[in-house]
Amino acid sequence: MSDTRSELPELDPVIHAQARLRVVSALSQLREADSIAFPRLQEILRMTAGNLSVHLRKLEDAGYVAVVKTHRGRTPATLVRLTRRGRLAFDDYVIALRALLNQPEEGS
Amino acid sequence: MASIDDESTFDDPAEALRLIDLERANLERELAPDPRLMYWPWGLAWLIGSGLFFLRWGPDERVLVALPDWLPITVMTVLLMVAGTITGMLGARSSRAVRGLSTRQGQMFGFAWSAGIAGLVLVFSRLSDVVPVSRQGILWGGGLVALIGALYMAGAAIWDDRSTFVLGAWISGINIVGVLAGPGWHALIVAVAGGGGLLVAGLIGWSRRR
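In order, the protein sequences belong to chains A and B.
So the first sequence is numbered by the numbering used here: it starts at 1 and just counts up by one.
So the second sequence is numbered by the numbering used here: it starts at 1 and just counts up by one.
These are calculated hints, taken from the structure and not from any lab test.
Glycine included, each C-beta is placed from N, C-alpha and C at the ideal position.
Do not rely on the hints blindly, as some may be mistaken.
[To be verified] Covered stretches of chain A (chain B as the covering partner; in silico rule of three or more C-beta atoms under 8 angstroms from a C-beta of chain B):
no., stretch
1, 13 to 25
2, 89 to 103
[Claimed, not checked] Label-pair ranges, simulated between beta-carbon atoms:
no., chain 1, residue 1, chain 2, residue 2, range
3, B, 59, A, 46, 54 to 60 angstroms
4, A, 53, B, 162, 34 to 40 angstroms
5, B, 82, A, 84, 40 to 46 angstroms
6, B, 59, A, 39, 52 to 58 angstroms
7, B, 118, A, 99, 51 to 57 angstroms
8, B, 135, A, 74, 51 to 57 angstroms
9, A, 99, B, 169, 53 to 59 angstroms
Using the sequences and the hints, build the whole thing.
Right, dumping it as structure tokens:
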């Protein structure tokens, strides 16, 4: 490890896990203030319900995702959306990735 | 897609960026209805419906094919209703999973279509006694196509969608050319350039998302 490593941007550990990055990426494509139904998100991400719940919980704990249980008529519905904070964190994460890519490969 | 049960991370930032693009495109594709199904029913309705108008009421009041008077308008109405049903159902199905600002915008935009078309149909039917039959094609066709072109452009403004704007501008432009060219020609231009434009729009949209 050289000293240049310390200047590299740190990657948000909440987002920098494959499963959660996939969730956040998908949610970031929705427009701000739009939520998506849990089962549809699960279908689109091709994840199991349990797996998605676990990762959503972690994102929720970080304040990146809001999960709202509501009703559509009489049917219960769970709606998921990226919070403003989550959107900012995702933007920062993408900027950090780009910075890492542009970093010249100096003695490692 | 590989297993996602774990906390596995990336060593390669490029791989993470690829995954981001992949999932964003995937969500987009899953939520947006197939552009072919959104545009082709309308394209065919215009191509066939307006084409029949051209054959029955050609330029200079010529009858190119002696179709019964009721046939073009009936075929056109049925095809437009089928197209409206298909795109309405697809739009509703794809937006069912999403709730929020987009849903309200979509509903309001849908009402704008219904209100605009209903308003024009009402005005035109009130005028049908005083407008000569040879000019009614221009009145109905020209009026409705002008509204549809403007609504496509307005929709493009709402969803910041450049290609829909181009489609709306194209429809508005050929409508003006058709109205200036006169009855008969208008029907031909709307059938070929308008219907054809919608078919091309569906094809371009479809090829882009593959």
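Hint-by-hint comparison with the structure:
1. Look at the stretch 13 to 25 of chain A against chain B: 7 of its residues bring a Cβ nearer than 8 angstroms to a Cβ of that chain, three or more, so the hint holds.
2. Counting residues of the stretch 89 to 103 of chain A whose C-beta lies closer than 8 angstroms to any C-beta of chain B gives 5; at least three are required, and the coverage claim holds.
3. Judged by the Cβ atoms, the range 54 to 60 angstroms given for residue 59 (chain B) and residue 46 (chain A) holds: they are separated by roughly 56 angstroms.
4. The beta-carbon spacing between residue 53 (chain A) and residue 162 (chain B), approximately 38 angstroms, falls within the hinted interval of 34 to 40 angstroms.
5. Checking the proposed 40 to 46 angstroms range against residue 82 (chain B) and residue 84 (chain A) shows it holds: the Cβ atoms sit about 43 angstroms from each other.
6. For residue 59 (chain B) and residue 39 (chain A), the hinted distance range of 52 to 58 angstroms is satisfied, since their beta carbons lie about 56 angstroms from each other.
7. For the hinted restraint 51 to 57 angstroms between residue 118 (chain B) and residue 99 (chain A), the CB-CB distance of approximately 55 angstroms keeps it satisfied.
8. For residue 135 (chain B) and residue 74 (chain A), the Cβ-Cβ distance of about 54 angstroms falls inside the hinted range of 51 to 57 angstroms, so the restraint holds.
9. For the pair residue 99 (chain A) and residue 169 (chain B), the beta carbons lie near 40 angstroms from each other, so the given range of 53 to 59 angstroms is not met.
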